[in-house]
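Participant: Make the full structure from the sequences, and use the hints.
From first to last, the protein sequence lines are chains U and E. Under my numbering, the first sequence has 65 at position 70, and the numbering climbs by one with no breaks. Under my numbering, the second sequence has 4 at position 3, and the numbering climbs by one with no breaks.
By construction, these hints were calculated from the structure, which means they are not laboratory data. It cannot be assumed that every hint is accurate.
Estimated spans, in silico, between C-beta atoms of each pair [as the list claims (entries may be wrong)]:
#1 U:P35 with E:R82: 37 to 47 Å
#2 E:H336 with U:T154: 56 to 66 Å
#3 E:V145 with U:F1: 51 to 61 Å
#4 E:V235 with U:E270: 53 to 63 Å
#5 U:V132 with E:Q353: 37 to 47 Å
#6 E:T183 with U:D67: 45 to 55 Å
#7 U:G53 with E:L118: 24 to 34 Å
Computed cross-link-like contacts, DSS-like style, restricted to lysine-lysine with a CA-CA straight-line distance of at most 30 Å [to be verified]:
#8 E:K266 with U:K148
#9 U:K148 with U:K125
#10 E:K266 with U:K125
The beta carbon of each residue, even a glycine, is placed where N, CA and C say it ideally should be.
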Amino acid sequence: MIAYNFAYLDEQTKRGIRRALLKAVAIPGWQVPFASREMPLPYGWGTGGIQVTAAIIGQDDRLKVIDQGADDTTNAVAIASFFRRMTGVETTTRTAEATIIQTRHRIPEQALTEDQVIVYQVPQPEPLWKLIPERPVARRAHALNDYGMMYVKLYEDITRFGRVSSAYDHPVMVNGRVLMSPSPIPAFDNPKMDAMPALQLFGAGRERRLYAVPPYTPVRSLDFTDHPFHPGRADGTCAFCGSTSSYLDEIIIDDHGTRRFLCSDTDYCAGRIEEAERRAEEGGR
Amino acid sequence: MAFVATKGGEDAIAAAHAWRADRRRGDGEGCTLRQATTSFGRAIDRVMAEGALYDPDLAARALLQAEGDLVEAAFLLRSYRATQPRLVDARPIDTTAMRVQRRVSAIFKDVLGGQRLGPTADYSHRLFDTGETAPESESAPAPVAAEPVAPLPGAMGILGGETLLEAIPAAGHDAPPADLTTMPLDFPASRPIRLQALARGDEGFLLSLAYSTQRGYGNTHPFVGELRMGEVAVSVVPPELGFAIEIGDIVVTECQMVNQFTGSKTVPPQFTRGYGLSVGHADRRAMSMALVERALRADELGEATGSPAQDPEFVLSHCDNIQATGFVEHLKLPHYVDFQSELEIIRAIRRQADEQRAEDGTDRKKEDGDDRV
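Facilitator: Right, here's the structure in full:
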C-alpha cells in the first residue's frame, strides 16, 4: 500500500523548499537553488510551481490554478485535481476567493491583495539564457550587475524592427538590482508585478531554481527613456463580456478564418457577465 | 585460460545464448506475442520507427527476442528489412486526410474540428495506484466521442492565409527525393535526406538535442502549431495498373512546429516551420524531430550557428542508433593485434625517453664537472 503525505512531498522536503523561499524573499528576484524533486507531472508542465504550492499550502487554503489565464485548460485542471487529491484542500475558480493562485503564463486581471500569494510556473528562470547559454557565466553576470548585453539586445531589436520584439517573458529589473524573468507572461501583465500587494513566488522545477518578489517591491520592465516599455494586447473587444481592457485570446470560428476575441482570464470574464446580468435584472425591476 | 577462450569459443557462444534464452523465458511461459502487442504499444512504435519498418507484429516479436532492449529490437527489424525486395515506392501519405485520434494545437485555444486529446498520458498524475483494484481508468470502459470531421483541416492554415507562416520549404528540386536507404549520407544533405535520417534517428539522441535548443544552445523559439496522430492510408501505383490503389493503413504522429523568425534582408519577419513525422503514436519523437529539423535550418535562414543541434553533419552522422550501438559496442571485440602494436610503440617511446634522460644526465654531470674546474 502506497500512502502520500499531505501535499505529496514529505515534511522535510517542504521545509527545505520553504527555507529556499525565505532566502528568495530576502533577495528579491535572485534565483535560489533548491533540491527540486521529481513530481508526478512532467518537467516543464509546472513542477516548480507545484513544489512551491505544495510547500506553502495548508488545510485552510483555497487554491486556484490557471493556465493561459483560464481555470478550465487541461493542465490547470490536472494540477488542481492533483492538489485536491493530495491535500483535500478546496479549489476555486474565483480570483477573489483564492489564497494561493498557481499560474502559468498569466496574472489575473483582478488586482491581487496582501492576503494572497501568486505562484508562477517558470520554464526558464535565467533571463539571460538566450544571450548566455552557459549558466555559470550568466550567474557571474548577475553577481557583477553586468546586464549591458540585455540592453544591447533590446537596442538591436529597436534598430532592426523599430520596437522591442519580446512579446512575452520580457525581462524585468527587481528592486533596482536583479534582472529577472517574469516567466512567459505576456508583456501586458508585466506592469501588474510592480508594487503588487500579494507575495509573488516563482518555481522552476527542471532548472532547480526558486525566486520571489515580496509585496510592494518595485518591478520595472526593461526599456529606454526614448523607447518606453509597451505592454501590448490584441486591439479588440471580448465577444462575451465586452471588455476592452483585458488580455484577449484569438479564436477562429470557421474555415474562412473568421476570428473573435475572448478574455483569456475566464474568471474575470464570467464575473463581468454575472455583474452585467445582475445590473440588467435590477434595471428591469 | 578463460581469456584465450574468447578467440574460438563456439561452444561458449552457444552456451551464452542458451543462458540468455533461458532467462528471457523466466519461470513461466514468458510474455506472449499477443500480450506484447497490446501492452507495449509505445515500445513497438519506437522500434518500428528506429527499425524503419512498419510492422507491429514483427516489432513485437523483436521486442520479445531482444528482452525489451529497444535498440536491439530495432536492430532486428532493420536487419530483416534489408532482406526484403523493394517492389514499388509508396505515394506520399496525406496527413491532412488522417483519421485523427489525437490532435492538439498549442497556439490557438480552439481550432476548427476541436482539440482532441486522444489516448494520452498527458495530464495524468504519475502516481502508483494505491488501491487494491485496478486503476479507475483501466476498469471503466472509455467514453466514446463523436468521430471528428474528416478530413480535419490543419490548424496552421490560418497563419498561412495571412502569410505570417512561410510556405512549405521546397525540397530543392523537382526530381523524386533522394533515398537515404539507397545511398550513403553525404553533405550538404538535402532536406528530404535530413528528414529521413531524423525519422529513423535515436529517440534519446533527438530528444536531448531538441532539449538543448530549448536551453539556449541553438534556440528556435518553438510553438506546437499542431500535433496529430491517427491512421493514414498508404497507396501505391503498380506499374502494370498505372493508377493508385490503397494497400493499407498506418498510424503516424505528425508535429508541425511554428518557430519565430526575425526576418532577413529579403524576407519579412514571419513564422517558420519545423517538421516531425514518426510512425506509430510518438509525440516525444515527432516533437523532438521537429525541433531538431528546424535547428538544422539555422544556416539556411541566416541565423547564428555553432550549437550542436544546428550542425547537420554532427546531428545526422550520429543519430542512427543501429550504427552507434554497433560501433560503441564493438570495443568489446578482441583488439589484441592493435593493442599489441600500441604496446610495442609505447614501450619503444619510453625506452627512447629513458635513454635520452640517461644521456642528458651524463651530460649534466659532465657540465657540472666542467664548472668545478
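Participant: Does the hinted range 24 to 34 Å hold for U:G53 and E:L118 at CB?
Facilitator: holds, 33 Å
Participant: Holds or violated: are the alpha carbons of E:K266 and U:K148 at most 30 Å from each other?
Facilitator: holds, 19 Å
Participant: So the hint says 53 to 63 Å: do the beta-carbon atoms of E:V235 and U:E270 match that?
Facilitator: Given a distance of about 56 Å, which is inside 53 to 63 Å, the answer is holds.
Participant: Using the C-beta atoms of U:P35 and E:R82, is the stated range 37 to 47 Å upheld?
Facilitator: Hint holds: Cβ distance 38 Å, inside 37 to 47 Å.
Participant: Are E:V145 and U:F1 spaced within 51 to 61 Å by their CB atoms?
Facilitator: violated, 37 Å
Participant: Cβ-Cβ distance between E:H336 and U:T154: within 56 to 66 Å?
Facilitator: holds, 58 Å
Participant: Just tell me: holds or violated, for the beta carbon distance of E:T183 and U:D67 against 45 to 55 Å?
Facilitator: Holds, since E:T183 and U:D67 (Cβ atoms, about 51 Å apart) stay within the stated range.
Participant: So if I understand the rule, the pair passes when the alpha-carbon distance is 30 Å or less; does E:K266 with U:K125 pass?
Facilitator: holds, 23 Å
Participant: Return holds or violated for the Cβ distance of U:V132 and E:Q353 against the range 37 to 47 Å.
Facilitator: With a Cβ separation near 44 Å, U:V132 and E:Q353 satisfy 37 to 47 Å, so the hint holds.
Participant: Keeping to a limit of 30 Å between CA atoms, is the pair of U:K148 and U:K125 held or broken?
Facilitator: This hinted pair holds, its Cα atoms lying about 10 Å apart.
In this structure, only the earlier hint numbered 3 is contradicted, and the remaining ones agree with it.
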